[in-house]
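**Q** The numbers in this note's numbering rise by one with no breaks, and the one at position 111 of the sequence shown is 284.
It is worth saying that the hints were derived from the structure and are not from the lab.
Here a beta-carbon is modelled for each residue, glycine too, at the ideal position from N, C-alpha and C.
Check each hint, because a few of them may be wrong.
Claimed, not checked - Mimicking SDA-like on lysine to any residue, the simulated pairs with C-alpha atoms at most 20 Å apart in a straight line are:
#1 K255 / P384
#2 K255 / S201
#3 K413 / P449
#4 K413 / R428
#5 K255 / A305
#6 K413 / Q339
#7 K413 / D462
#8 K255 / A185
#9 K255 / R200
#10 K413 / V403
#11 K255 / T177
#12 K255 / L207
#13 K413 / A344
#14 K255 / F193
#15 K255 / S278
#16 K413 / H334
#17 K413 / V338
#18 K255 / P401
#19 K255 / R330
#20 K255 / I311
#21 K255 / G229
#22 K413 / R455
#23 K413 / A395
#24 K255 / T244
#25 K255 / A402
#26 K255 / R333
#27 K255 / V403
Claimed, not checked - What follows is a list of derived Cβ distance ranges for each label pair:
#28 D299 / V272: 22 to 32 Å
#29 V432 / R483: 14 to 24 Å
#30 D299 / A381: 19 to 29 Å
#31 S486 / V266: 53 to 63 Å
#32 S298 / L410: 49 to 59 Å
#33 L410 / T262: 35 to 45 Å
#34 I465 / V489: 15 to 25 Å
#35 G490 / S424: 21 to 31 Å
#36 D412 / V266: 38 to 48 Å
#37 S424 / K255: 25 to 35 Å
#38 D472 / R404: 14 to 24 Å
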Amino acid sequence: MIQTLVATLMWALVASLLIFRRKRTDRSITYAALTIAIAMTLNVDGIYTAVDPLVGGTNLATLLADALLMTGLFFLGRGVMKSGEYRPTLVRVAVSAPVLVISLSAIAVTFVFIDRGRTTTQFMSDLGAQPATAAYSIITFVYGGIVIAAMLTLAARRYRHSAGVQRLPAALLTLGSAFGVALCLAVIVMDIAHVTGRLGLLHAVQPAYGPLSLLTFLFLCAGFAAQPAVRRAQHYLRDKRTAALAAQLESLWNRATQVRPGLSQADPLAASTEDPEGRLHREIVEIRDAMIDPRVTFDTSRTERTLLERAESHLVGNDTAVATTLPIPNVEERES
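Using the sequences provided together with the hints, build the complete structure.
**A** Structure, rendered in structure tokens:
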């Protein structure tokens with residue numbers, strides 16, 4: 174049941190990423206989600222029992238699923254690292270290709286020494302007493318724990334350096350990574366307990382596996398899905414704010430272009446096709462031009478100047494270059 178829920182969450186994440194991140198040049202997160210979704214799908218009992226006989230019926234599907242999971246975690250860690258400037262050496266090493274290759278080679282070698290028997294959906298429960306099986310699982314989850322711990326470091330730092338709604342994705346990723354590290358530690362403890370015959374410890378830790386798995390993937394999926402959703406919502410709200418400011422400045426801009434015609438009058442067709450940011454920028458520039466031109470008389474009230482400054486601040490929040498290109502008024506102004 175848990176595996177089915179996790180697989181469903183991963184495929185939902187894949188769908189959301191394909192919708193919201195389709196224009197992004199870096200596809201690391203999408204590749205990671207797709208790879209992990211396939212791995213989790215292979216772990217669903219009904220699908221596993223159908224796939225494993227196709228590859229020999231000796232639980233090779235377990236190796237395939239785990240290799241895909243590790244590869245997916247590699248892409249996931251790389252994607253998180255690329256999305257920020259903070260890239261400490263230990264994080265770069267943890268999500269490096271050589272570490273992945275070494276880990277994949279190690280699980281492939283140890284897998285060969287496992288007496289695997291026939292297809293079983295309880296691979297670790299049935300075979301975990303073998304040292305080779307314990308080594309295989311420990312290597313898999315040590316690699317996963319290292320990569321997820323690196324993600325935890327990056328997500329926690331991003332949370333500390335974010336504000337407002339931008340903290341939401343970082344908070345979700347931090348929680349998901351924390352649960353993921355706890356999951357990996359729990360599995361490693363269970364592996365050691367099983368192979369050493371400490372079944373009491375195994376049975377004590379085992380109930381935590383399902384909830385930790387679900388919480389890990391739930392929060393990680395929510396975090397990665399929230400990133401593009403929050404970004405899109407912010408862009409939408411910014412566009413609405415830009416259009417509103419342009420509309421509020423229109424009467425002042427009309428007065429400015431009456432006393433000092435600007436580009437709008439020279440090329441009205443181009444001006445009419447501008448995006449909201451371009452329109453607001455043009456209005457501000459043409460108003461400022463009228464304010465500083467000594468050949469014309471153009472008075473503004475305190476309320477109008479406040480509105481103009483607010484519009485400038487709005488643009489500067491997205492494009493600091495705009496602020497340096499706007500002329501500074503130096504005219505006699507009337508007070509409201």
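**Q** Hint by hint, say whether it matches the structure.
**A** Status of the hints after comparison with the structure:
no. : hint                    : in the structure
1   : K255 / P384             : violated (30 Å)
2   : K255 / S201             : holds (9 Å)
3   : K413 / P449             : holds (9 Å)
4   : K413 / R428             : violated (24 Å)
5   : K255 / A305             : violated (36 Å)
6   : K413 / Q339             : holds (19 Å)
7   : K413 / D462             : violated (26 Å)
8   : K255 / A185             : violated (23 Å)
9   : K255 / R200             : holds (11 Å)
10  : K413 / V403             : holds (15 Å)
11  : K255 / T177             : violated (30 Å)
12  : K255 / L207             : holds (18 Å)
13  : K413 / A344             : violated (27 Å)
14  : K255 / F193             : holds (18 Å)
15  : K255 / S278             : violated (26 Å)
16  : K413 / H334             : violated (26 Å)
17  : K413 / V338             : holds (17 Å)
18  : K255 / P401             : holds (15 Å)
19  : K255 / R330             : holds (14 Å)
20  : K255 / I311             : violated (28 Å)
21  : K255 / G229             : violated (39 Å)
22  : K413 / R455             : holds (17 Å)
23  : K413 / A395             : violated (26 Å)
24  : K255 / T244             : holds (17 Å)
25  : K255 / A402             : holds (19 Å)
26  : K255 / R333             : holds (18 Å)
27  : K255 / V403             : holds (19 Å)
28  : D299 / V272: 22 to 32 Å : holds (30 Å)
29  : V432 / R483: 14 to 24 Å : holds (23 Å)
30  : D299 / A381: 19 to 29 Å : holds (20 Å)
31  : S486 / V266: 53 to 63 Å : violated (42 Å)
32  : S298 / L410: 49 to 59 Å : holds (51 Å)
33  : L410 / T262: 35 to 45 Å : holds (38 Å)
34  : I465 / V489: 15 to 25 Å : holds (19 Å)
35  : G490 / S424: 21 to 31 Å : holds (24 Å)
36  : D412 / V266: 38 to 48 Å : holds (41 Å)
37  : S424 / K255: 25 to 35 Å : violated (46 Å)
38  : D472 / R404: 14 to 24 Å : violated (41 Å)
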